[in-house]
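Each chain, letter by letter, is given below.
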Amino acid sequence: MIQASGLARTFRSRRGTVEAVKGVDISVAEGEIVGFLGPNGAGKTTTLRMLTTLLDPTAGTATVAGCDLRSDPVGVRRRIGYVAQSGATLPEARAGEEIVDHALLYGLSREQATRRGHELFEQLDLEGLWDRQCRSMSGGQRRRLDIAMGLVHQPLLVFLDEPTTGLDPQSRANLWEHIRGLRDRLGTTVFLTTHYLDEADALSDRLMVIDHGTIVAAGTPAELKRQVSGDAVSVVLADPARIEDAVRVAKELSGSEGAVGDGDTVRLRVEDGGAALPALLRRLDADSIALSSVEVRKPSLDDVFLSLTGRSLRDEPAA
Amino acid sequence: MTFFRESYIVFSRAMRLSLRNPTWIVIGLSQPILYVVLFGPLLEKIGGQLGGDPWQVFVPGMLVQLGMFGAMFVGFGLVAEYRAGVIEAMRVTPASRTALLLGRVMRDVVVLVVQALLLVLVSIPFGFRAPVGGVLLGLLLVGLLGAAFASLSYAAALVLKSEDALAPLLNGLAIPMLLLSGIMLPMSLAPGWLQRVSDINPLKHVVEGARAIFRGDFATSASIWGLAWTVILVAVGTFVGTRIFRRESA
Chain A
5 MIQASGLART FRSRRGTVEA VKGVDISVAE GEIVGFLGPN GAGKTTTLRM LTTLLDPTAG
65 TATVAGCDLR SDPVGVRRRI GYVAQSGATL PEARAGEEIV DHALLYGLSR EQATRRGHEL
125 FEQLDLEGLW DRQCRSMSGG QRRRLDIAMG LVHQPLLVFL DEPTTGLDPQ SRANLWEHIR
185 GLRDRLGTTV FLTTHYLDEA DALSDRLMVI DHGTIVAAGT PAELKRQVSG DAVSVVLADP
245 ARIEDAVRVA KELSGSEGAV GDGDTVRLRV EDGGAALPAL LRRLDADSIA LSSVEVRKPS
305 LDDVFLSLTG RSLRDEPAA
Chain B
55 MTFFRESYIV FSRAMRLSLR NPTWIVIGLS QPILYVVLFG PLLEKIGGQL GGDPWQVFVP
115 GMLVQLGMFG AMFVGFGLVA EYRAGVIEAM RVTPASRTAL LLGRVMRDVV VLVVQALLLV
175 LVSIPFGFRA PVGGVLLGLL LVGLLGAAFA SLSYAAALVL KSEDALAPLL NGLAIPMLLL
235 SGIMLPMSLA PGWLQRVSDI NPLKHVVEGA RAIFRGDFAT SASIWGLAWT VILVAVGTFV
295 GTRIFRRESA
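First to last, the sequence lines map onto chains A and B.
Residue 231 in this note's numbering sits at position 227 of the first sequence, and the numbers go up by one each step.
Residue 182 in this note's numbering sits at position 128 of the second sequence, and the numbers go up by one each step.
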């Protein structure tokens, strides 16, 4: 559905040139939900704007929904839907009018546009909001209206840019259901960007991680988590003075990796945290090191991101 | 055909939104009407120095002012639309980029011509007289002038994308253009140096053309130059506007 190679974009400003995207290869199959993950400023939106014909790439080629990005941008536009981060509706306009006008611009007749709009309002829990001004809709409702507008011409492929940013947890979970439904019920291919790891984990069949304009990893969420070897174990000591002894014990444990002490906490990685724990506790006990708590954690995409880029996604300011 | 259909979709959406919140239409109209009612009568006593019937000098000037100011600030609406994501959303549809501009400009022209007609009607009880042909041609001129300024305003808005940058630019241009156009008083009253400075302002020629047209002097050089300058402004406006709307990064 998407075949891009060496797609790059350089911005020229008075202060010099900025390579926002430095040649990315992307391949997305039909019916996939692909998550495009990265911190703010990593090049997610720039890549998306290139794939949706809004921005000309400075280098590289791409075929999107069967049409060449450079030679047939109108063909691409006809076949894809794009739900931008900024929304798509004017606060003073009415929801139904916005979706009908949008559909008309895709070449639907007024009658088709109205029917299709009502269908989507029903599917996306927007019934009864047809005549409502966009400004008086909730954040979640407006977001679903944006998505409805992106789907009005029944695209084969839909791009969602940060679909749940700024929504409350309940609206997010609700929107996730709708996004899964797009693929499960309609067979639509979905390409979404997010800087929420849980969202990428929950929705995507496959993930691409972008940082500083290059793709640093790609694979299923499970594959990526496997790259970060083993489970994270942390033990908190009752007496921080014994930290060096505890780290020594942790290092001696068979299969342990990267054992470090940090204040009163020892962290290490082992293949199977649950299985390694009894032995670790026994040895600490044998050295009479008292503990106040123990935690075993399966690797999360957070850990993946940290190991790939050397920094945590959570450190980034929220958009 | 698709192009006209798309332009009409954009036009009717813009028109619907304007009519639903007509504050700006009313404000845009009230200003020239206030000039006619509260300033026009001052000119009656100095009619001789103006070189003609004061109302025939003043009303065409107000119409040009309406065409210019009414259209010049439409870019602010576009900044709001841009911020709401509407422009981006329209640009991912297969619709022609020129249609996205033209539909909006057509709305502005329709609004302006209606306002101009109202202005002419309000001036009649005060003593304004003009041949019907002159009024029709004058309204055409106002509409074209509005199209030119609206296109340029949209282009500027799309480049700057911020009200804070747009306001000083538009005001910085509007005031000198207004003062050097002879809209309020004919430039023939000005000293020589001021007349020569005003000669480089296309709007001055448009104003003089409008006055000739409202007198019914269609074949004079003043009216021909006025129309010619208006057509040139329209050509420049549409060219710049279309280019900016087509530009990928806009």
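If you're looking for bench data, these hints aren't it; they were derived computationally from the structure.
Every value quoted in this text rests on a predicted model; they were computed, and no experiment measured them.
All C-beta atoms in this analysis are idealised placements derived from N, C-alpha and C, irrespective of residue type, glycine included.
Among these hints, one or two may not hold up.
[To be verified] Here are a few chain A residues that sit away from chain B, every Cβ distance over 10 Å (derived from the structure):
#1 GLY27
#2 GLU36
#3 GLY85
#4 ALA88
#5 GLY91
#6 ALA97
#7 HIS106
#8 GLY111
#9 ARG120
#10 SER142
#11 ASP205
#12 ARG246
#13 VAL264
#14 GLY278
#15 SER292
#16 ASP306
[Said to hold, decoys possible] Derived coverage of chain A by chain B (criterion: at least 3 residues anywhere in the stretch with Cβ under 8 Å from a Cβ of chain B; other residues may be distant):
#17 51 to 58
#18 76 to 82
Open item on the list: Check the structure against each numbered hint from earlier and tell me which ones fail, lowest number first.
Closed with: Of the numbered hints given earlier, those the structure breaks are 3, 4, 5, 6, 7, 8, listed in rising order.
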